[in-house]
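Asker: This is what each chain is made of:
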Amino acid sequence: MTRVDSAPGSHDPIIDIHAHPGYSLTLDGLREECRQLLREADRHGVSQVCLNAIADWSESPAPERVREGNDAVLALMSEHPDRVLGLCYVSPRHQDEALDEIDRCIGAGMVGIKLWVACKASDVLVDPIARRAAELRVPILQHAWYKVDGQLANESTPADVAVMAARHPETMIVMAHLTGCGERGLADIAPYGNALVDTSGGDPEAGVTELAVRRLGAHRVVFGTDSPIRSYGMTLGKVLGAKLSPAERALILGRNAARLLSRRAWPERSRGTGQ
Amino acid sequence: MKVDAAAYLGAWPFRNIDGTVRGLLAMMRELALDQALVSPLPAFFHTDPAAANDHLLRRLRGRTGLWAAPIINPRMADAGSGIERLARRPQVRAIRLTPGFHGYSAAEAREVVQGAAAYGLAVVIQLRMQDERSHPPTSRVPPAPLEEVIALAAGSPGTRLIAAAARLDEVTRHAESIRALPNLWLDISHLDGLECLKRASEVVGAGKLLFATCWPFFYARSASLKMQEADLPRREAEMVAGLNAADVFGLATQPSPAPSA
Numbered sequence: 408m409t410r411v412d413s414a415p416g417s418h419d420p421i422i423d424i425h426a427h428p429g430y431s432l433t434l435d436g437l438r439e440e441c442r443q444l445l446r447e448a449d450r451h452g453v454s455q456v457c458l459n460a461i462a463d464w465s466e467s468p469a470p471e472r473v474r475e476g477n478d479a480v481l482a483l484m485s486e487h488p489d490r491v492l493g494l495c496y497v498s499p500r501h502q503d504e505a506l507d508e509i510d511r512c513i514g515a516g517m518v519g520i521k522l523w524v525a526c527k528a529s530d531v532l533v534d535p536i537a538r539r540a541a542e543l544r545v546p547i548l549q550h551a552w553y554k555v556d557g558q559l560a561n562e563s564t565p566a567d568v569a570v571m572a573a574r575h576p577e578t579m580i581v582m583a584h585l586t587g588c589g590e591r592g593l594a595d596i597a598p599y600g601n602a603l604v605d606t607s608g609g610d611p612e613a614g615v616t617e618l619a620v621r622r623l624g625a626h627r628v629v630f631g632t633d634s635p636i637r638s639y640g641m642t643l644g645k646v647l648g649a650k651l652s653p654a655e656r657a658l659i660l661g662r663n664a665a666r667l668l669s670r671r672a673w674p675e676r677s678r679g680t681g682q
Numbered sequence: 212m213k214v215d216a217a218a219y220l221g222a223w224p225f226r227n228i229d230g231t232v233r234g235l236l237a238m239m240r241e242l243a244l245d246q247a248l249v250s251p252l253p254a255f256f257h258t259d260p261a262a263a264n265d266h267l268l269r270r271l272r273g274r275t276g277l278w279a280a281p282i283i284n285p286r287m288a289d290a291g292s293g294i295e296r297l298a299r300r301p302q303v304r305a306i307r308l309t310p311g312f313h314g315y316s317a318a319e320a321r322e323v324v325q326g327a328a329a330y331g332l333a334v335v336i337q338l339r340m341q342d343e344r345s346h347p348p349t350s351r352v353p354p355a356p357l358e359e360v361i362a363l364a365a366g367s368p369g370t371r372l373i374a375a376a377a378r379l380d381e382v383t384r385h386a387e388s389i390r391a392l393p394n395l396w397l398d399i400s401h402l403d404g405l406e407c408l409k410r411a412s413e414v415v416g417a418g419k420l421l422f423a424t425c426w427p428f429f430y431a432r433s434a435s436l437k438m439q440e441a442d443l444p445r446r447e448a449e450m451v452a453g454l455n456a457a458d459v460f461g462l463a464t465q466p467s468p469a470p471s472a
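Chains as they are written, first to last, in our numbering: chain X, 408 to 682; chain P, 212 to 472.
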């Protein structure tokens, strides 16, 4: 396999904070898709990939589907312990189940929480989850986009993420989809130091990464691909093709994520059990 | 030999980008590209692109390795004579059509396409520039359907047509039709998704694909990394990187000196 010169001269880790195990609804299917994803990550020297399985890709999935998706991620974590990190996907519409699921998954080694389009980030339904994330010292990866052709019914805009960040200053939030959030999205979250942005989403429009660094500082921009929806090459090009200093590039590609993901505390009820 | 089938000069009104010759040459040096087909960004928004095309040609004059693909608006009554005038310029190897921006269907471009072919020019049809979800609210431009370009190619067998900026799902959906048309190619600028170039090559064949950066609209490095990660067999990689473009646009296939600064 050919290794791509994605980060010439750099020995810093590259961490993809935003990827999905695949589209399959079976573990065997996801295993195969994950192998493909890791193969492409390998080519670019991406050392670790944070997977989140957004259940059956429905907007507001049932708790059983959520649990199945997270089980698949846990299985992939155990099969690729040095490569795969897990983010626990939950739906705030099923509060008790969501909190139990967070405790279960973080207790089993996941390093963060993923929220998608079941509920807007500004909705009070998210509050208990954001508080639990702060207690466990894990980040929330929150989907967001400013869509000119219309949001989904409960899809967050960056303004919703800003409300969440203001309401929960102790919770670290990664707003997904830099290109989809754009200039307005960066302005929305700029005042909140607990809000970061990932580089995923949309095409590799030139200038967007430099803009994020100007608006937020390089310490608030993290590399994420949204793979398999996006290719590693296309998304890495947003960072490696941007006019950045080597130090800024290293922060975005891995150091920020490493710092963010190393803060985790174990849930009280499963501390030390790994279950 | 490496050819960029989609580079641009000029400004884009909704973003702080401005493609200059100096910037283009620097990008080509960085990616080790030998030649590029260049269109004027401002012409996407000009009803009559003639002035933007003339400006482009002035900027490219005497530049080794830089070829022009002026933009034509078929809704202009003098589009045909404009093509004739452009075809006399040796640096012009293609015309680029932008149906979504100028408000016509690919089918309505048939006369212009066949006119370009009569002068030996290839025709690039731009399906889109930007993710439709993120257009400026004052300028929402519908994508040109790939199936319309396929129908146009089928009905114009004497032309060389390039569908630019197709998505992987569109390519996959229409792969059989694309494979069946010897006069239709695709640029890779907007292909995305895990192993996208490898998958596109599997479904339509490497002979159909042209390397393209969409610089300065996109980070050129993205296209370069996408090309590398595909890990195509050597001959197929050479075809996508430049041999196909040389064939389609009538470019020299021998290694050329670096583009002149």
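These aren't lab readings, by the way, just hints derived from the structure by calculation. None of the values given here were measured: they were computed from a predicted structure. Treat the hints with care, since some could be wrong.
In silico DSS-like pairs for lysine-lysine, Cα to Cα no more than 30 Å straight-line [said to hold, decoys possible]:
| id | chain 1 | residue 1 | chain 2 | residue 2 |
| --- | --- | --- | --- | --- |
| 1 | P | Lys213 | X | Lys650 |
| 2 | X | Lys650 | X | Lys554 |
| 3 | P | Lys213 | P | Lys409 |
| 4 | P | Lys409 | X | Lys650 |
Partner residues are not named here, just some residues of chain X that face chain P (Cβ under 8 Å, in silico) [what the hints assert, rightly or not]:
| id | residue |
| --- | --- |
| 5 | Tyr430 |
| 6 | His451 |
| 7 | Gly589 |
| 8 | Asp610 |
| 9 | Ala613 |
| 10 | Arg637 |
Idealized CB from N, CA, C, for every residue including glycine.
Asker: Determine for every hint whether it applies to the structure shown.
Answerer: Quick rundown of the hints versus the structure:
{"no.": "1", "hint": "P:Lys213 - X:Lys650", "in the structure": "24 Å, holds"}
{"no.": "2", "hint": "X:Lys650 - X:Lys554", "in the structure": "27 Å, holds"}
{"no.": "3", "hint": "P:Lys213 - P:Lys409", "in the structure": "18 Å, holds"}
{"no.": "4", "hint": "P:Lys409 - X:Lys650", "in the structure": "29 Å, holds"}
{"no.": "5", "hint": "Tyr430", "in the structure": "10 Å, violated"}
{"no.": "6", "hint": "His451", "in the structure": "7 Å, holds"}
{"no.": "7", "hint": "Gly589", "in the structure": "6 Å, holds"}
{"no.": "8", "hint": "Asp610", "in the structure": "5 Å, holds"}
{"no.": "9", "hint": "Ala613", "in the structure": "5 Å, holds"}
{"no.": "10", "hint": "Arg637", "in the structure": "5 Å, holds"}
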